[in-house]
Amino acid sequence: MSGLIGRKLAEAALVGLIVSFATFLLVNWTGDLAISLGGMQASKEELVKLRAAYGLDRPLLVQYVDWARRALSGDLGRSFFSQEDVLPLILSRLAVTSRLALAALLVGIATAAPLGILAAIYQGKWIDHLAQTIAALSQAMPSFWSGLLLILFFGVNLKILPISGNDDWTGYIMPALALGWFVFPIMLRLLRAGMVEALSADYVRTARAKGLDPKRIVLKHALRNAVLPVVSLAAVQFGQLLGGSVVVEAVFALPGVGQLAWNSIQRADFPVVQAVVLLVAMIFVVVNLIADIINGVLDPRIRRA
Amino acid sequence: MFGAVILGFYIVIALAAPWITPHDPYAQSLVRRLRPPVWAPNGSWTYVLGTDPFGRDYLSRLIYATRTALTVAAASALAAGLIGSTLGLAAGYFRGRVDQVISLIISTRLAFPSLLIALAVLQVAGSGLWIVVVVLGLTLWDRFAVVLRTAVMQISRQDYVLAARSFGSSHMRIMFKEIAPNVFGHFLVVFSYEAGQAVLAATALSFLGLGIQAPQPTWGLMMAEGRNWLLTNPWLIANAGIALMFLVLAMNLVGDGLRDILTPNEKV
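Protein chains in written order, with numbering that gives the first Met the number 0: chain A, 0 to 304; chain B, 0 to 267.
Derived by calculation from the structure, the hints in this document are not laboratory data.
By construction, the Cβ of each residue, glycine as well, lies at the ideal position given by its N, Cα and C atoms.
Misleading hints may appear alongside valid ones.
Said to hold, decoys possible - These stretches of chain B come out as covered by chain A in the derived footprint (C-beta under 8 Å, 3 or more residues): (1) 36-44; (2) 170-181; (3) 227-238.
Claimed, not checked - Residues of chain B clear of chain A, computed beta-carbon distances all greater than 12 Å: (4) P17; (5) T20; (6) P21; (7) L29; (8) R32; (9) L81; (10) T85; (11) Q99; (12) A110; (13) L115; (14) Y159; (15) P214; (16) A223; (17) L261.
Isolated chain A (complex conformation):
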């Protein structure tokens, strides 16, 4: 077990290092920070001064090490736009987006789990076809479009849900449904495939032959094995939702990280964009690390692999 954790930790650390360097390079390549600081009208001499003042004239690697050291101590710079410190700014927005991503995951799992299990038990029957049709349709709908349709239906026609904003939890219902709709098909397919495989495995046949309660066989024996890949997928999805909720946050005017990033991109506020990308990527790495370890705990075979 400790071998697995050590290996996964080293891997995650290496990916984290590359991610941070790539993030650093991305901002350096996509814009001239001196121009962002001094403005378009700044003269050549002013730019030279600015570069010297902010250390932008040093070799890239030196700048990176300096930036990374400050980032590790929690200093991600200041927003060009609002002059606020970037880290608290993002953390205040991260709560909204994390809530949204978790709610979307819940929606996805709550719909995919019963349908996936039923589809696997009644493989080839109408419920299986129904589940797969819904999955195929939802996979083909962009989340912002389903979001707009939800607004039209629940917000405008029925007038039972707020159209935008997050004054209370009701403001999360529609965005979570829109994003959960996007999570659902992959979860369903994975769970169904896992359950189909598990249900035809020898240990399930043995359990049946012993005369165990069929409900118990499905929920205890088969599900336990089918749920493993879903754990990894949920982790990947959570990470992707943090960065992928931009459009849904824009549609519902939710003040999350996505909206902050999108506004900052439009204002060329590089420190904020850089920090959001870095944080989202790092969260992705950490969440995946945790999922790998959980899978190792759940499945002894992975520990030895």
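Following the hints, position chain B against chain A.
What follows is chain B alone, placed relative to chain A:
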């Protein structure tokens, strides 16, 4: 089959666009703004799907946007395929160190929020169809790499590959002459899925106002333009979304079909 028929329908529509559009998709007119579609009250057969906020014929724009969508889909998936397959081929064939390095590159790519990166790059690099294609190519390659890596690993230990090695074929020759043709099926399967992903991503980008610029019709732009009229003219958003949904659905179904035919023993 069903998927192939729909996809074929879209391709025919896109190719025949100049001959089948009832009106000029760019002709604006203030007097005929926001006409309703034919099935709504006051709808008329002159503008079957109504007109947009600029008075342009909605159906004609929808048809021309199909062209844009298919071009972006094919070109982006091809670009992503070139990057991803090359990496996957190299990782699966050479294994060891090469595989470790490429796996790290894949992990890094997966950790990055691709939509944010695409938005940031487009904001700086400007707009245009081919810039969108390059950006999507650079963000959608991971599945090609993952799938082809596994497929190549299985193949590269087979006798005909070992035979080619033993009579001295170069690595390049083995990779492109012996292995590549045998994993082309995998490539096609991923290609059709990623083409669908590219359409979805391009639509999201143009919905946010980046990428392909007005007045060139795209579904995302049509939805963005219709957003302010969501209450009064919901079909401005609904119809473009339906066109998009069936195209992506068709591409996914074609992917499923190809997977069953070309790679019957595996899950992609």
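Hints not upheld, ascending by number: 1, 2, 11, 12, 13 and 16
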